[in-house]
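Protein chains in written order, with our numbering: chain A, 1 to 459; chain B, 1001 to 1254.
Keep in mind that the hints are not guaranteed to be accurate.
[To be verified] Partner residues are not named here, just some residues of chain A that face chain B (Cβ under 10 Å, in silico):
(1) 18
(2) 21
(3) 31
(4) 35
(5) 37
(6) 38
(7) 180
(8) 286
(9) 287
[Stated by the list, open to error] Away from chain B, derived, C-beta distances all over 12 Å, residues of chain A:
(10) 324
(11) 372
(12) 434
[Stated by the list, open to error] Computed Cβ-Cβ distance ranges for the label pairs, DEER-style:
(13) A:140 / B:1085: 43 to 51 Å
(14) B:1238 / A:3: 49 to 57 Å
(15) B:1169 / A:96: 50 to 58 Å
(16) A:387 / B:1047: 25 to 33 Å
(17) B:1250 / A:276: 31 to 39 Å
(18) B:1080 / A:3: 20 to 28 Å
(19) B:1225 / A:275: 17 to 25 Å
(20) A:307 / B:1237: 48 to 56 Å
Since the hints were made in silico from the structure, they are not lab data. Predicted, not measured: the structure shown is a model, and the values here were computed from it. Glycine included, every Cβ here is placed at the ideal spot set by N, Cα and C.
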Amino acid sequence: MVMQRLSGWGRTAWTVADLVHTTDVDVVRSTISAAGERGVISRGLGRSYGAAAQNAGGIVLEMSAENDPMGIDADFDPLTGLLTVASSVSIDSILRMCVPQGWFIPVTPGTRFVTVGGAIASDIHGKNHHIDGSFGQHVRSLTLMLSSGEVIELSPEQNPAWFWATVGGMGLTGVILRATVAMLKIESSRVEVETVRLENFDAVSAAMGADGVDDDYRYSVAWVDLLATGTSMGRGVLTRGDHATASKVDNKDPLAYDPRLTVSAPGWVPNGLLNKWSIKAFNEAWYRKAPAKSHIGLESIPAFFHPLDGVNRWNRLYGKQGFIQYQFIVPLDRTDVLRKVIEKFSGAGVASFLAVLKRMGPQNNAPMSFPTEGWTLTLDMAAGISGLAELLSDVDSLVLDAGGRHYLAKDSHVSASAVRRGYPRIDEWMSTQEEMDPIGLWRSDLSRRLGLVDHRRSL
Amino acid sequence: MKNGVGVAQNIVLFGGTSEIGHAILHKLVKPGVSHVVLVSRDIDAAENQIADIADRYPDLEIHHVRFNADDSASMVHVVAEVAQQVGDIDVAVIAQGVLQEGVDYYANPAALLPVADVNFTGTMVLMYTLAAQMRSQGYGKMVLLSSVAGERVRKGNPAYGATKAGIDSFALALDHELVGSGVSVLVVRPGFVTTKMTKGMDKAPFSTDADSVAIAVEKAISTSKTVIWVPGLLQYMFLILKNLPTAVWRKLPL
């Protein structure tokens, strides 16, 4: 038993749990059969920002296969593009294996250091949500260990209710052991990207609107400068693109893929290094760097999809206090709310790095999946700002009143009532969850705070 | 637990009518708190003090648990009852205490017993019980209201000073014992606090009020600090005062 202090990627709200690192199914089974009343949650690479993969006083099953001496536990068919892989394998490993063979992960978040298990449990999305949907929609089947120790196979055809409860289920339906994912065929490891800067929020939202040409691009996202005020409020840089065809790439090996970590954040950073002034300067430089007129160029996969992975442990840049990542979604016709939220944050002097704005496509079948048709805005801020609890609570109300919701993989502060309001199918999900886990084994700090499972159920 | 912006979900105030305790609650209750438990002898009085918080946070659930602060052995059951009502105890503000100013202990030495029971024995039992509960939760914060009166105990009210000295030392050692468990203790050492407990007494130098104590607690509770002084200057004052020769110390007009 190793008692270990754990937090999410945001490095806030640390709690202590018994950490068991394993990728061995038998160890998983014996660990869960010996669990006490604080229950068990699984954890991958710890990239969810808040408390999703920690379990105060209970057991945390750390299932990441990084540096696994056995190599990557995966079975890939380059003819069909079907990848069957252990849940502990990261998107990073998958890309290293599949890109040179001409296949790409169908959905990637802003970091490639997430496991397949975490990608399913959070039903992650990427810059292509408006075209391709979220990760769960590309999972053909998965293997799940229930709290009884029984291992079952789930797919959209075979027991769809349990499959979709597991997609976006935050690890609370069981331990995902393996999954089969339909990969995306690519001709090159380059992305053809069109970049343009837009002078204010109206220009950004108009360019990305559903009635425009946004649907002609597989990938589309805008970086918005939340510190710009007045007529420049909400100015941003829009990048859109798709995988480049082989003919566009001037290279004898168009599928060459070589992701590298360039620099590491230092182990110790003074609180307040990222403040209103330093971030403002950074945002200004970022905006000026982008071309005023639309410009098309080729970018590498790491540069386009995973820019932050270039700085190892960048989450330490906020210092000891840690940081919050706030991501919400509101319906398409509620750009007024986005504007109000941006005003609230900039009015309160909250310094945030470039926020990310994206138009999402329709919701999938998973009751607790975050993406739904609308605008999602993501921003991060230092956790130590005074009055932050009150400010976020005001913003939460704006979002919820507009029929919006919060992304649980990012969340570290919302209340149980906010999730009830934001996720209208939560009761349906909870009853499926109880069916799958009648003894109430799966618990996390997130599930306790949000009342996602009935914690009065005793083990 | 606390959430990402430092707000604890379940907060318990032991000594549910304590003025300083309520001032601290007023600072700690923010959006995100789900339960507050007032543990007190007098439920109505405790209820009245929290009425404005209840108005401001309609979703907040407020609970009451009755206890006798001088019944040390009962603390085990008191904590169990609190946990039964709210589940995890994330923050415990330990504010019970008796001063018994002006009691003639020469005539009535048995009157010392409740001072020891409330300020020391009962609080020790309470803190170990809480420590056990919080350790099993993998998270918890105890805020102990100590006093500078325990720093160098003087004539006037030696029992109060000595019990505060005792519980203060105990709490620091308990915090040491809990390292790595996710549980920690914050010892608060205010100077003379103007409250109903000290009404009519002569103000000592560097006196403070309940609000200032609460602001200092709010600031320190998300840090790794173990001890805070209110006002902060007292820390340096006592560095000197504690090391004065006895003859000088006894002559000081404190």
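To see whether the hints hold, each was checked on the structure:
| no. | hint | in the structure |
| --- | --- | --- |
| 1 | 18 | holds, 9 Å |
| 2 | 21 | violated, 17 Å |
| 3 | 31 | violated, 16 Å |
| 4 | 35 | violated, 13 Å |
| 5 | 37 | holds, 9 Å |
| 6 | 38 | holds, 7 Å |
| 7 | 180 | violated, 34 Å |
| 8 | 286 | violated, 26 Å |
| 9 | 287 | violated, 29 Å |
| 10 | 324 | violated, 5 Å |
| 11 | 372 | holds, 23 Å |
| 12 | 434 | holds, 18 Å |
| 13 | A:140 / B:1085: 43 to 51 Å | holds, 47 Å |
| 14 | B:1238 / A:3: 49 to 57 Å | violated, 36 Å |
| 15 | B:1169 / A:96: 50 to 58 Å | holds, 57 Å |
| 16 | A:387 / B:1047: 25 to 33 Å | holds, 28 Å |
| 17 | B:1250 / A:276: 31 to 39 Å | violated, 54 Å |
| 18 | B:1080 / A:3: 20 to 28 Å | holds, 24 Å |
| 19 | B:1225 / A:275: 17 to 25 Å | holds, 23 Å |
| 20 | A:307 / B:1237: 48 to 56 Å | holds, 53 Å |
The structure fails hints 2, 3, 4, 7, 8, 9, 10, 14, 17 (numbered hints given earlier, in ascending order).
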